[in-house]
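For the protein sequence lines, the chains are R, E and H, in the order given.
Just so it is clear: in the first sequence, position 48 is 48 by our numbering, and no numbers are missing.
Just so it is clear: in the second sequence, position 3 is 3 by our numbering, and no numbers are missing.
Just so it is clear: in the third sequence, position 101 is 101 by our numbering, and no numbers are missing.
If you're looking for bench data, these hints aren't it; they were derived computationally from the structure.
Please note: incorrect hints may appear among the correct ones.
Unchecked claim - On the chain H side, residues computed to face chain E include the following (Cβ under 7 angstroms):
no., residue
1, 315
2, 316
3, 317
4, 319
5, 320
6, 321
7, 327
Stated by the list, open to error - Derived lysine-lysine pairs resembling DSBU-like cross-links, with alpha carbons at most 35 angstroms apart:
no., chain 1, residue 1, chain 2, residue 2
8, E, 27, H, 320
9, E, 202, E, 238
10, H, 133, H, 110
11, H, 185, E, 131
12, E, 185, E, 333
13, H, 320, E, 14
14, H, 185, E, 98
15, E, 2, H, 320
16, R, 34, E, 106
17, H, 18, H, 129
18, E, 156, H, 185
19, E, 99, H, 133
20, R, 25, H, 185
21, R, 25, E, 156
22, H, 185, E, 2
23, R, 75, E, 27
24, H, 193, R, 34
25, E, 238, R, 68
26, H, 320, R, 75
27, R, 25, E, 106
28, E, 290, E, 155
29, E, 202, E, 2
30, E, 2, H, 193
31, E, 333, H, 302
32, E, 333, H, 320
33, E, 81, E, 290
34, R, 25, E, 155
35, E, 2, R, 68
Said to hold, decoys possible - Cβ-to-Cβ under 8 angstroms is the rule here; a few derived chain H residues that face chain E:
no., residue
36, 186
37, 244
38, 253
39, 254
40, 257
Glycine residues also receive a C-beta, built at the ideal position from the N, C-alpha and C atoms.
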Amino acid sequence: MKEEKGGKKMCLAIPGKVLSLDGNKGIVEVGNMKREVFMHLVPDALVNEYVLVHAGCAIQMIDEEEAKITLDIFKELMENEIC
Amino acid sequence: MKFVDEFRNNEYSKKLVEKLNNISSEKINIMEVCGTHTMAIFRYGIRDVLPPNINLISGPGCPVCVTPQSYIDTAITLSEKKDVIIATFGDMMKVPGKKGSLSVKKAEGADVRIVYSPMDCLQMASQNPCKKIVFLSVGFETTAPMAAITIMEAKKNSISNLFFFTAHKIVPPAMEALVQDKELKIDGFLLPGHVCAIIGTKPYEFLSEDYYIPGVVTGFEPLDILQGLNTLVRLISKKDYRIENEYKRIVKAEGNPIALEYLNSVFNIVDSSWRGIGRIPNSGLEFNSKYEDFDALKHFKINYEEYDGSPGCKCGEILKGKIKPTDCPLFKKLCSPENPVGSCMVSSEGTCAAYYRYHKETK
Amino acid sequence: MSDKITLSHGSGGVQTNKLINEVFFKYFNNDILNQMNDAAQIDIDFKKLAFTTDSFVVNPIFFNGGNIGKLAVCGTVNDLAVSGAKPLYLTSAFIIEEGFSIEKLEEIVKSMAEEARIAGVKIVAGDTKVVEKGNVDGIYINTSGIGEIYENVNINCANARPGDVIIVNGTLGDHGMTIMCERNKLGLEGNLKSDCASLNSLVDTMLEAYDGIHVIRDATRGGIAAVLNEISEFSNVTIALDENAIPLKEEVKGATEMLGLDPLYIANEGKLCVFVPEAYAQKVLSAMRMHPHGLQAAIIGKVTEEMGQKVYLNTVVGGKRLVDMPSGIQLPRIC
Numbered sequence: 001m002k003e004e005k006g007g008k009k010m011c012l013a014i015p016g017k018v019l020s021l022d023g024n025k026g027i028v029e030v031g032n033m034k035r036e037v038f039m040h041l042v043p044d045a046l047v048n049e050y051v052l053v054h055a056g057c058a059i060q061m062i063d064e065e066e067a068k069i070t071l072d073i074f075k076e077l078m079e080n081e082i083c
Numbered sequence: 001m002k003f004v005d006e007f008r009n010n011e012y013s014k015k016l017v018e019k020l021n022n023i024s025s026e027k028i029n030i031m032e033v034c035g036t037h038t039m040a041i042f043r044y045g046i047r048d049v050l051p052p053n054i055n056l057i058s059g060p061g062c063p064v065c066v067t068p069q070s071y072i073d074t075a076i077t078l079s080e081k082k083d084v085i086i087a088t089f090g091d092m093m094k095v096p097g098k099k100g101s102l103s104v105k106k107a108e109g110a111d112v113r114i115v116y117s118p119m120d121c122l123q124m125a126s127q128n129p130c131k132k133i134v135f136l137s138v139g140f141e142t143t144a145p146m147a148a149i150t151i152m153e154a155k156k157n158s159i160s161n162l163f164f165f166t167a168h169k170i171v172p173p174a175m176e177a178l179v180q181d182k183e184l185k186i187d188g189f190l191l192p193g194h195v196c197a198i199i200g201t202k203p204y205e206f207l208s209e210d211y212y213i214p215g216v217v218t219g220f221e222p223l224d225i226l227q228g229l230n231t232l233v234r235l236i237s238k239k240d241y242r243i244e245n246e247y248k249r250i251v252k253a254e255g256n257p258i259a260l261e262y263l264n265s266v267f268n269i270v271d272s273s274w275r276g277i278g279r280i281p282n283s284g285l286e287f288n289s290k291y292e293d294f295d296a297l298k299h300f301k302i303n304y305e306e307y308d309g310s311p312g313c314k315c316g317e318i319l320k321g322k323i324k325p326t327d328c329p330l331f332k333k334l335c336s337p338e339n340p341v342g343s344c345m346v347s348s349e350g351t352c353a354a355y356y357r358y359h360k361e362t363k
Numbered sequence: 001m002s003d004k005i006t007l008s009h010g011s012g013g014v015q016t017n018k019l020i021n022e023v024f025f026k027y028f029n030n031d032i033l034n035q036m037n038d039a040a041q042i043d044i045d046f047k048k049l050a051f052t053t054d055s056f057v058v059n060p061i062f063f064n065g066g067n068i069g070k071l072a073v074c075g076t077v078n079d080l081a082v083s084g085a086k087p088l089y090l091t092s093a094f095i096i097e098e099g100f101s102i103e104k105l106e107e108i109v110k111s112m113a114e115e116a117r118i119a120g121v122k123i124v125a126g127d128t129k130v131v132e133k134g135n136v137d138g139i140y141i142n143t144s145g146i147g148e149i150y151e152n153v154n155i156n157c158a159n160a161r162p163g164d165v166i167i168v169n170g171t172l173g174d175h176g177m178t179i180m181c182e183r184n185k186l187g188l189e190g191n192l193k194s195d196c197a198s199l200n201s202l203v204d205t206m207l208e209a210y211d212g213i214h215v216i217r218d219a220t221r222g223g224i225a226a227v228l229n230e231i232s233e234f235s236n237v238t239i240a241l242d243e244n245a246i247p248l249k250e251e252v253k254g255a256t257e258m259l260g261l262d263p264l265y266i267a268n269e270g271k272l273c274v275f276v277p278e279a280y281a282q283k284v285l286s287a288m289r290m291h292p293h294g295l296q297a298a299i300i301g302k303v304t305e306e307m308g309q310k311v312y313l314n315t316v317v318g319g320k321r322l323v324d325m326p327s328g329i330q331l332p333r334i335c
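One chain only, chain R, in its complex shape:
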């Protein structure tokens, strides 16, 4: 590894699943790894929902519906040969 620790990438954010909540903090899981994350910016997040985690803080909710719509668009692309 070139660098020693995280906090390097200013926009690096990764989706994670909220496992539990405790006031302003939550435990979020990314690829089987759990981390305590600050939830100040997503007070409405519920357990089992997905949030975007950046440098130890959840910065936005993930809209699962919109994700599905986007993936459906890609799927449709595969099925049509129209450009």
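Put chains E and H on the given structure of chain R with help from the hints.
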């Protein structure tokens, strides 16, 4: 990993590449203004699959890269003070100043510690009551809310040994400076998805309304980037000067109102110097007077004067997208990740670092 | 005996002998060591021997999946094995900080003995030094090893050829991420575990499947990227990897994504890469997958016909990305 793996799908990406190569053959310049986009584009080899008429330019998307050298020099001065712990993101460690870097200072005995999140400073402050923690608070709109939360918690809990040395910047004014530059011709922007997650899409409307330049809010997985490029190239070819959102699962038009509330209650917008670009009005964030007790410059009575970077270093031209790193005479000769001259080479998101790591010629 | 190491334990006198008998000899028991000569006296009946040494300064000393002692045995055994040699005898030298817990030392020594038993090697000579508090971080270990080079086996870093298929014996980045997360207290919790293991019996299995294997190298510091770049340089070939084929544990994916790291550059301590002519690749792969240390063996790329020395990755998007030699400071004290 959910919401990650699906957006790295092989088959879909190949289809999107095919689509992208069949829209237009007009020569166009597209700029991205996010270091994470710079890296992702290289990581996924996206430049390889672009049609030859698309010129992808990296703009000033790396907060460490655009921080003037005076900031590092002052941070080093602070690190030399008695009982000071410097808390910083990893990227700042190796940025070269006039007297070396924070990494060198650490090796010489200064207490410099890397943090993953600004909130880590709160614990550091309480665990080291006899020390003064100085957090090097840099970053764009994605990171600034966290600094805001941290300072609010510090004030709420009456923490008296935590100080902030800020250099936060906001992206849209820098983009406006670039589109006003006569030497640059930017046909469209890939807009930074995670900055938009915070500030929404409205701050970018000026591109379309005042300059007739389209922009597409783009995510960071390969499918996101390819979809963003597809939409942008289509808008450019149709002369449809709109701001479109292709990252809807994360970005809402209004952004994150709670994050914006934090920003508004804690920061003032000020003029700010961007290394290599110059002074840009209303492009920086400073903590407002409610938080002046946390201001490191005030506490340590430092008269801070800004100055730019090292002579000979072409980071400025590179940050504006006017030249590529390979055009800089120092690139790979005197300037490398082991011995960086400019911050574009040091930062893991810097354009020069990306080129150095991924863009070498065959031996 | 007190519960902490003192300077007198390293002075060569009564306390040293007590320590040797009550800790080292308790576990490192074998016919050669028990003779207690100043040098191990060994009968050998082969012509060519392989000889290697390695020092271990890993921090933390104990981690999920092992400890510095286990690493010290595996590391040297593996260096011999990937050189086409049967590991036979090891030495182990300890430099211990005054105040180190004897209970912890015993646990380390016990692990070393257990790993030596698994690997089929004997620890036949050793040394113990104790230094003042602060002059070493806990404990450092050096192991040297000799092995018998197999006849008719020609494994060399310079032997890779266009058309060779590249196989790894399992998931990458496990050791480095385990150490990083345990050391830096990044607040990441999960089932990260070092892959630290002796690979000599796996190498035997591979050579039994096909004795014409071109290259075997273990991928330690600098990750698979470092070792592939070395092979590319010494063999003067171009290596192409398939991003979709790189085996990674979910935990390593999650941790590296969160920290912005590239698993190709992260240290391993139980992984090797093999370069096999295409015709024999499936045979070697199947044999590996039958072995406990090769269950998740996978083909990750091949040597192409292209000119030049480089390693690149074919990305999920169909583009190419250079996988260059790691530079700068790696995570210190990873092994």
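Right, here's what the structure says about each hint:
{"no.": "1", "hint": "315", "verdict": "4 angstroms, holds"}
{"no.": "2", "hint": "316", "verdict": "5 angstroms, holds"}
{"no.": "3", "hint": "317", "verdict": "5 angstroms, holds"}
{"no.": "4", "hint": "319", "verdict": "2 angstroms, holds"}
{"no.": "5", "hint": "320", "verdict": "5 angstroms, holds"}
{"no.": "6", "hint": "321", "verdict": "5 angstroms, holds"}
{"no.": "7", "hint": "327", "verdict": "6 angstroms, holds"}
{"no.": "8", "hint": "27/E <-> 320/H", "verdict": "23 angstroms, holds"}
{"no.": "9", "hint": "202/E <-> 238/E", "verdict": "22 angstroms, holds"}
{"no.": "10", "hint": "133/H <-> 110/H", "verdict": "24 angstroms, holds"}
{"no.": "11", "hint": "185/H <-> 131/E", "verdict": "21 angstroms, holds"}
{"no.": "12", "hint": "185/E <-> 333/E", "verdict": "29 angstroms, holds"}
{"no.": "13", "hint": "320/H <-> 14/E", "verdict": "13 angstroms, holds"}
{"no.": "14", "hint": "185/H <-> 98/E", "verdict": "33 angstroms, holds"}
{"no.": "15", "hint": "2/E <-> 320/H", "verdict": "25 angstroms, holds"}
{"no.": "16", "hint": "34/R <-> 106/E", "verdict": "31 angstroms, holds"}
{"no.": "17", "hint": "18/H <-> 129/H", "verdict": "14 angstroms, holds"}
{"no.": "18", "hint": "156/E <-> 185/H", "verdict": "26 angstroms, holds"}
{"no.": "19", "hint": "99/E <-> 133/H", "verdict": "34 angstroms, holds"}
{"no.": "20", "hint": "25/R <-> 185/H", "verdict": "18 angstroms, holds"}
{"no.": "21", "hint": "25/R <-> 156/E", "verdict": "17 angstroms, holds"}
{"no.": "22", "hint": "185/H <-> 2/E", "verdict": "25 angstroms, holds"}
{"no.": "23", "hint": "75/R <-> 27/E", "verdict": "29 angstroms, holds"}
{"no.": "24", "hint": "193/H <-> 34/R", "verdict": "15 angstroms, holds"}
{"no.": "25", "hint": "238/E <-> 68/R", "verdict": "28 angstroms, holds"}
{"no.": "26", "hint": "320/H <-> 75/R", "verdict": "24 angstroms, holds"}
{"no.": "27", "hint": "25/R <-> 106/E", "verdict": "32 angstroms, holds"}
{"no.": "28", "hint": "290/E <-> 155/E", "verdict": "9 angstroms, holds"}
{"no.": "29", "hint": "202/E <-> 2/E", "verdict": "29 angstroms, holds"}
{"no.": "30", "hint": "2/E <-> 193/H", "verdict": "23 angstroms, holds"}
{"no.": "31", "hint": "333/E <-> 302/H", "verdict": "32 angstroms, holds"}
{"no.": "32", "hint": "333/E <-> 320/H", "verdict": "25 angstroms, holds"}
{"no.": "33", "hint": "81/E <-> 290/E", "verdict": "26 angstroms, holds"}
{"no.": "34", "hint": "25/R <-> 155/E", "verdict": "19 angstroms, holds"}
{"no.": "35", "hint": "2/E <-> 68/R", "verdict": "12 angstroms, holds"}
{"no.": "36", "hint": "186", "verdict": "6 angstroms, holds"}
{"no.": "37", "hint": "244", "verdict": "6 angstroms, holds"}
{"no.": "38", "hint": "253", "verdict": "6 angstroms, holds"}
{"no.": "39", "hint": "254", "verdict": "6 angstroms, holds"}
{"no.": "40", "hint": "257", "verdict": "7 angstroms, holds"}
Against the hints set out earlier in the document, no violation occurs for any number.
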